[in-house]
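For this one, chain A is given, so just place chains B, C, D and E with the ligands on it according to the hints.
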Amino acid sequence: GGGAPPSSDSSGGGGGGNSGYTFAMITHETPGDTFWDRIKAGANQAAKDTGSTLKYSSDPDATKQAVLIQGAIDAKVDGIATTLVTPDALIPTVKKAVDAGIPVDSFNSGTDFYQQAGSIAHFSSDERLAGQQAGAKAKADGATKILCTIQQTGSVALEDRCAGVKDAFPNTENIQVNGADDAAVTSAIQAKLAQDKDINWIITLGAAQGLDGLKAMDAAKSSAKLGTFDLNKEAAEAVQSGKIQFCIDQQPYLQGYLAVTQLYLYKQNGNLLGGGKASLTGPTFVDKTNVDAILPYINQNTR
Amino acid sequence: MTDTLHEHADPNLHKGEPLVQMVDVGKTYGAIRALKGINLTVNAGEVSCVLGDNGAGKSTLIKIIAGLHPHNEGQVLVDGQPVSFSSPREALAHGIATVYQDLAVVSLMEVWRNFFLGSEMTGSRFPLSGLKTKDMKRIADEELRKMGIVVKNIDQPIGELSGGQRQCVAIARAVYFGARVLILDEPTAALGVKQSGVVLKYTAAARDAGLGVVFITHNPHHAFLVGNHFIILKLGQAVLDKKRSEVTLDELTRQMAGGDELTELSHELQR
Amino acid sequence: MTDTLHEHADPNLHKGEPLVQMVDVGKTYGAIRALKGINLTVNAGEVSCVLGDNGAGKSTLIKIIAGLHPHNEGQVLVDGQPVSFSSPREALAHGIATVYQDLAVVSLMEVWRNFFLGSEMTGSRFPLSGLKTKDMKRIADEELRKMGIVVKNIDQPIGELSGGQRQCVAIARAVYFGARVLILDEPTAALGVKQSGVVLKYTAAARDAGLGVVFITHNPHHAFLVGNHFIILKLGQAVLDKKRSEVTLDELTRQMAGGDELTELSHELQR
Amino acid sequence: MSQTVRTAPAGAPAEASNRVTLGLSNRLLARPEVGALVAAIVIFVFFLVVAPSFRSPSSLFTVLYASSVIGIVAVAVGLLMIGGEFDLSAGVITTTAGLFNAMFCFQLGINLWVGAILSLVFCLAIGFFNGYMVMRTGIPSFLITLGSFFVLQGANLGVTKLVTGSVSGPNPNQMDGYASLNFIFAHVFQIGPVALNITVIWWLIFAAAAAYVLQRTRIGNWIYAVGGNAASARAVGVPVTRVKIGLFMTVSFLGWFTGMHLLYNFNVLQAGLGVGNEFLYIIAAVVGGTLMTGGYGNTIGVAIGSFIFGMTSLGIVYAGWDPNWFRAFLGVMLLLAVLVNLYVKKLSTARKVG
Amino acid sequence: MSQTVRTAPAGAPAEASNRVTLGLSNRLLARPEVGALVAAIVIFVFFLVVAPSFRSPSSLFTVLYASSVIGIVAVAVGLLMIGGEFDLSAGVITTTAGLFNAMFCFQLGINLWVGAILSLVFCLAIGFFNGYMVMRTGIPSFLITLGSFFVLQGANLGVTKLVTGSVSGPNPNQMDGYASLNFIFAHVFQIGPVALNITVIWWLIFAAAAAYVLQRTRIGNWIYAVGGNAASARAVGVPVTRVKIGLFMTVSFLGWFTGMHLLYNFNVLQAGLGVGNEFLYIIAAVVGGTLMTGGYGNTIGVAIGSFIFGMTSLGIVYAGWDPNWFRAFLGVMLLLAVLVNLYVKKLSTARKVG
Ligand SMILES: Nc1ncnc2c1ncn2[C@@H]1O[C@H](COP(=O)(O)OP(=O)(O)OP(=O)(O)O)[C@@H](O)[C@H]1O
Ligand SMILES: Nc1ncnc2c1ncn2[C@@H]1O[C@H](COP(=O)(O)OP(=O)(O)OP(=O)(O)O)[C@@H](O)[C@H]1O
Ligand SMILES: [Mg+2]
Ligand SMILES: [Mg+2]
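As you go down the protein sequences, you meet chains A, B, C, D and E in turn. Counting in my numbering, the first sequence runs from 1 upward without gaps. Counting in my numbering, the second sequence runs from 304 upward without gaps. Counting in my numbering, the third sequence runs from 575 upward without gaps. Counting in my numbering, the fourth sequence runs from 846 upward without gaps. Counting in my numbering, the fifth sequence runs from 1200 upward without gaps.
Listed next, the in silico PhoX-like pairs over lysine-lysine satisfying Cα-Cα at most 25 Å (straight line): (1) A:K166 to D:K1006; (2) C:K768 to B:K545; (3) C:K816 to B:K497; (4) C:K817 to C:K775; (5) C:K720 to B:K537.
FYI, nobody ran anything at the bench for these hints, they're computed from the structure.
Chain A extracted, bound-state conformation:
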């Protein structure tokens, strides 16, 4: 495993050693995305710190995610942490888990629905809010027209981000790009920049697409500015060198870590975080002012 923080021998929340708990984490990850990798890293660290076993599984298709939750119920795990990306589709199954006496907490998406689902706590960033703040930043920077790229067709969370940008700055246009192919993303953004010369700000919804966006601006000789959601090493370095204005960090590591730790503490102590409200892990902005402090954490895969 990569860069877990050098933690002293774990002693989380009053327990420690081998707690004997098995928790299941079920997400809508598209395999091979650095964002989800951070979530897993946090969750794994939390499992290690609390001496629990973590079973992770994922499927981007909500209906199959529901089946995976059902599988966790069948396996009689001690707790379930799940994302609620399509709340209506997942709530019935989550309720089944609750009925079966398995505590469930939720993270990443589904802020407005977690209580209805019977989830004990929720850790997320508000996607729409994040989008609004990004839009506001661009506006303050003198945006005349914003391009917002969506790398996965029909995803609620991504649509929310762009909708947020549009809330803050109505002259925003979306395009769909193929997130599985950097070359395709680059040429699509390049084409859009050529088509609409008014665009002087780009907001991408993933770090890799942000870097593709830089390539596209180079090639199109565009002087637009770019901000992105999510962080990775290269994006952070681009922030450092001023090529990317900001990265919006929702601290995925923290989401994963908290989701598992919450389950552990709930089983161990009945602790609940958030006081009946969702706990926000973001949005936080990484820009020139704070990137130097954050970069080391990024390098160890915890931020």
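Quick look at chains B, C, D and E with the ligands alone, frame taken from chain A:
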């Protein structure tokens, strides 16, 4: 086999009555001309033989009657009505059954299923009613035995049979279902002497039952044994068109192949 | 055509020398027995004829020699060495060229490409060296003309030719490339009298050039014209195995088909 | 071995001598679904051993449910593949069906039954279009349905955005007709400790019905024929065009059915759902012994193929293997299933009777 | 019309009578790539009209770049399809190639050239494995390569995670050999106002080379033959197994090549990249006139197919159409391209000379 034919033959057939007529029919495949100005009449109770060199257009001719390719020129009349079949199903609906030279069977399917393909026996007319599997197997087996073909297992995929056996299945099927006009494209080519004899007997029986038969062959001997009418094609055109009474076997053979080549050859090869 | 043969024939062939020997060969397809206890010798400068009913196992026999199916029992010797070819390429490397009854050509490819398939003419031995396209077209055209086949366009996909024309291409190819042993599976079945004559002449010429020839046919007349040795198969076993000197055409015909069926038939059908 | 060899009297060798009746065991082995069945059993036992939580009956029912959601459409896709064609729009049409129903009724405020039936008509029209275009133009079905795949995917998103302003459809669970539709398409029977989703029952019914049609009816005969050799089938009078169009419509019918399940089970459908499932259907069919080139296969086999797929993808989770390697395990399992299938088929033809 | 009809003297009808030499225009129309070319021109003109920003030369080069990244692998996939097989692992192998190179050199700190060459060897081994399994077992290539698709996808993720601790590969841009590799695989030539990526040149070279091999060499003849009728080809002595394995290795070679471009152009590769591209390659090949069932096609056509795909997907952006409908437009465009292609082919055979 004669019983099979009489059972299935249309009772309203009258000898000598024209069933299919081709008037000045022509056909091109894209840039290639395959047939031109063909006149042919298929009468009930008669065998029309079509002979000709390789590539002369014999198969093309019968594919037109069978509804597999439409013709480009001229007219095809069935029972006096001009038709242009757009599918073999329409031709079959007019009682025209065909044994093709090259597309006889569906290799992956069982022998009996191939035999009944397109004319399956079912319990009722309802499209989802059960097949009479047992009857079909029995009949297929019987009909093949009548031709002297004993397949090792009637449930075998037909692709596993030998070339001649496959041909026999196709012929037996056409005879069994051919109610008015029977078209045979080189039926005896892949067959041994014995099976050829059986096919010729079938052909004669079909004729006697009042069917119109079109018999395509390279073998003037076979043609002369059963034919009432002979047409020789060359490069898509008819070069001979005569009644049985107007022609002799020798003339046929000579016209077909530029003379008694075989006899000559046997002299030539004699050691 | 004789020149073609002499050009390509292996000069080290000595008449009467055994090229291919089958000793007690048997073959089963899964549960189905196709051949049993076959002994056959193909000598240089001789034509061995294999006759038999449909499904008797003739094609199976030659597929074993040609390397298409391995045999299950017995031994196949080529030039005295036991072999079990795992692919036709190995058989071809031993100079064994075959015309198959059912898998002759690649329909979508041009006539001349089919003719040279597997033995293309190239500028050098380097695998990416250019094809001698012009020469190949010319030769293919010439060789086909020698058989009396004139295709309308040598660049046509071979699937557009008539059945007999396709067969001719396959035969011309095998003769052209068949350096030591030539195997023909019912080469004359789809052919007219004239083309059949040409094929028989080819066969005789190949024999005279010292090649060993296996000639499979249903037609005892054709067999008798060229054969030195006759084997009749029935249900996978040899029921007759005689030299030319030991047999007459009548006997062959009778053995093949249970007697002079054709003559009988002609009486029966006479009107 | 239990084969019987009937040998005719020596006097009549030409009549029936080497005629063969295969024994039961050989006839069984030769069926397309048996290889898949053996593979399924091997994989099932394997997971029973390595994954303790796989052993509970409720796990089995979860696996059955997951298999059924793939399996229902896979039955139709299997039929279509036996008939020699592909349908790449089979995955997204499920979403189209559900979204159409939900949005239509939500906008007009009418009973969900009306929307469900209109949605069915719409889906059948898509299937008809696919089949008609394939037969009419002669363009391979892979391309035609790829086109409709893209168009439907785009329309799912575009229309949903247009109508609801977001990328997910409206929730129908407060609307008229919900209860009865929910019962038909998504009811869960509690049988003691385990939950049996009604889709499992539907799946088995559809698979059995399709197996009957294939083996026992004239239409089944025609399906094999058009897949095995369309030219020959046409030549003997099989209505090739009608059969193929019917098959495309069957796919869209069962796609609609699955869409109804998704809608009434999950209530809200995202417009991007279903993409990629078309290949799962094809995988299920092929693992179940269907020939990619048509003319050979069996829906019982396809059902087993769906089960293998469902079992494998959940089994890996039950076994708790490293999720990073999930896809690799899945690939290895599929290859194993196919190899076992092949091995069994080889067995069936290698056993001699002569 | 410009056809010539040579009619032999009447005295020798059997010799050469209805022999035909097709005119130039007919011979042109009959080529597999001409339909695609016409379709490409139609779509090109269409976008010139509807999308003003499409008209600048730099837009053309952007389109060419996008086409080349799909097109390089599509050349090999086209060859493979002419040879009668599929490769579903062609998309992910690009990522495997890049990740292998980056991680290997990063871990051992050696020159990138070493890693690039080892990566090539590794990719060729995968191609060999695919081909060998297909030929050895007789399982359809769709299934075998589906298996390797899953395995590679899983391994990309699992190995990267194991080695780097994250799901993206290391950045090679500070390592030895970067400059030269970057030049070969990802250089951008500035020609006046426009930027020409070197991949475009490679793409044209590969397409032309493949076209030469197909039309003018023995191996090309064999490729057509194994795709058209493998049994017949084997019967006349074509080494079917070697040809097919060679084709699979060609696909993995060009997959490796594209992977190198991605690595040296974008530097950091995420492990999940490349999934789904395998179908774009197939689409490009089929739109370019390649027969799905093998035996017919042409790499020039495949290159045009890639261009149509690149042009369509970017043209929609240049035209500024509603992005929600992107996929729907794409689908309609593809169908149109295929229909135009078909129409042209019909024209070529419908013109009479007799
Ligand atoms: N589908 C096709 N496309 C183009 N040309 C064709 C097609 N089918 C046949 N032809 C051509 O039409 C001519 C006549 O062919 P046809 O098959 O009718 O001959 P045939 O008399 O049956 O010959 P054979 O005795 O060899 O079977 C041939 O020159 C052949 O090349
Ligand atoms: N691939 C196969 N699988 C199973 N059985 C087969 C296969 N090929 C041939 N057979 C069987 O083997 C026997 C011999 O077939 P073969 O093709 O050798 O006959 P043949 O003598 O060439 O007949 P014909 O004169 O009709 O061509 C037949 O009963 C046939 O059904
Ligand atoms: Mg013919
Ligand atoms: Mg044979």
